[in-house]
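One line per chain: the protein sequences are A and B, in this order.
Counting in the numbering used here, the first sequence runs from 1 upward without gaps.
Counting in the numbering used here, the second sequence runs from 1 upward without gaps.
Be careful, since some hints might not be right.
[To be verified] Restraint ranges, calculated between C-beta atoms of paired labels, are given here: (1) B:Ala-207 with A:Val-21: 23 to 33 Å; (2) B:Gly-234 with A:Val-21: 17 to 27 Å; (3) A:Phe-28 with B:Thr-86: 21 to 31 Å; (4) A:Val-21 with B:Lys-23: 43 to 53 Å; (5) B:Ala-18 with A:Val-21: 48 to 58 Å; (6) A:Leu-29 with B:Ile-24: 43 to 53 Å; (7) A:Leu-29 with B:Asp-16: 50 to 60 Å; (8) A:Phe-28 with B:Glu-19: 27 to 37 Å.
[Said to hold, decoys possible] Here chain A is said to cover these stretches of chain B; the calculated rule only asks that three of the stretch's residues, wherever they fall, bring their Cβ under 8 Å from a Cβ of chain A: (9) 130–137; (10) 208–216; (11) 222–235.
[Unchecked claim] Where chain B lies over chain A, by a calculated footprint (3+ residues, C-beta under 8 Å): (12) 8–16; (13) 21–27.
Calculated from the structure, these hints are not laboratory results.
We put the beta carbon where it would ideally sit given N, CA and C, even for glycine.
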Amino acid sequence: MANWRKVGPEASVISILVLSVAVFCFQFLYPLVRRQA
Amino acid sequence: MSDGIIVKSTVDESDDSAEFWRKIFLDSRGSIRSGWRLTIFLMLLAASGFSLFAIGILRIPAAARILHQGFLSPSREYLMEIPAATCVLVCSLVMARIEKRSLSDYGLSLRQGAGKHFLWGVFWGLCVFFAVTVVIAALHGFSFGGLALRGLALLKYASLWAIGFLLVGFVEEFLYRGYVQFTLAQAVGFWPAAIVWSLVFGAMHLANPGENPAGALEVFLFAIFACLTLRRTGALWFAIGFHAAGDYAETFLLSVRDSGYAASGTLLNSSFHGPAWLTGGKSVRKLA
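Pulled out of the complex, with its shape left as it was, chain A reads as follows (with noise of 0.2 Å):
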């Protein structure tokens, strides 16, 4: 942690877990997606 620099929040664990479910999330919700478009 010490090299830790000044990133900001997408160096968050919290933005890497949050993506990660987006991920996961657009392959159930993309159907919903398509029927909108």
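For this one, chain A is given, so just place chain B on it according to the hints.
Just chain B, lined up with the frame of chain A:
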């Protein structure tokens, strides 16, 4: 008689040689192999990028000052992204001409639904980056602070950043998941190509000031998600909307660092406080 044999042998050698070179440069259908097409595209891109930036824009003192300022601003985005968009579009058009294709094949299809996919991408981008910040705030790692902009200044920066990040979304998505993804996928398959370009995308962000391996990992995941949307929707519009909205939410709306870069002209006086694993780094350094 012996002369005839010698001539035949020379012709055979010549045919073998032609076949050898044909196999190196062309595939079984007589088209230029993917690797060579990719090489041509990257060389065109490097040459046009070098011409525009090193020989052109960076020779203008005011432009060079803005590009070297070390933080994001709408003018920096325009100076970077308009020439970059021109380069990537022109190079892709050249390749499309060579391959007798259109930009639709490289992810810019304008068929029905493109606009809605783009808007869904914007919605997802805002949701994802607001969700990240709300969770960090709930764990006492983020304060929204007060408004840093009001009135006309707010309107000005809100619209300047919106256009700027549309350009960023277009350039980065089309550059990393447009022609190069299409062409490499023809050679090795969609997902191996997606992993290669997502790794390159993540690695390129390590050059940003203040970026670190965790940030690059998130960028890699972001790229994989963009590839998934390309695979599912058949075009880049969702990814462009997602990318543009994500950057807009981070930089302007939430006023936090974007890939290691602080920015000027942002909406809030927000700040981070808490461990680096939660916040991704130290407090935002506010700029004028």
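Against the structure, the hints:
The given range of 23 to 33 Å is respected by Ala-207 (chain B) and Val-21 (chain A), whose C-beta atoms sit roughly 28 Å from each other. Our hint of 17 to 27 Å for Gly-234 (chain B) and Val-21 (chain A) holds, since their Cβ atoms are close to 24 Å apart. Between Phe-28 (chain A) and Thr-86 (chain B) the C-beta distance comes to about 38 Å, which lies outside the given range of 21 to 31 Å. Checking the proposed 43 to 53 Å range against Val-21 (chain A) and Lys-23 (chain B) shows it holds: the Cβ atoms sit about 47 Å from each other.
The beta-carbon spacing between Ala-18 (chain B) and Val-21 (chain A), approximately 56 Å, falls within the hinted interval of 48 to 58 Å. Remark: the range hint 43 to 53 Å for Leu-29 (chain A) to Ile-24 (chain B) is upheld by a beta-carbon distance near 46 Å. Checked against the given bound of 50 to 60 Å, the beta carbons of Leu-29 (chain A) and Asp-16 (chain B), roughly 56 Å apart, stay inside it. Taking the beta carbon of each, Phe-28 (chain A) and Glu-19 (chain B) are about 51 Å apart, not inside 27 to 37 Å as hinted.
Check result for the segment 130–137 of chain B against chain A: holds, 5 residues qualifying (beta carbon to beta carbon below 8 Å, three or more required). For a cut-off of 8 Å, the count of residues in the segment 208–216 of chain B with a CB near a CB of chain A stands at 5, and the three-residue condition holds. With 7 residues having a Cβ less than 8 Å from any Cβ of chain A, the segment 222–235 of chain B passes the three-residue criterion, so the hint holds. Coverage of a stretch by a chain is defined here by at least three residues with a beta carbon nearer than 8 Å to that chain's beta carbons; for the segment 8–16 of chain A and chain B the count is 9, and the condition holds.
As drawn, the segment 21–27 of chain A meets chain B at 4 residues by the rule of a beta-carbon pair under 8 Å; at three or more, the given contact holds.
Checked against the numbered hints above, the structure breaks hints 3, 8 and satisfies the rest.
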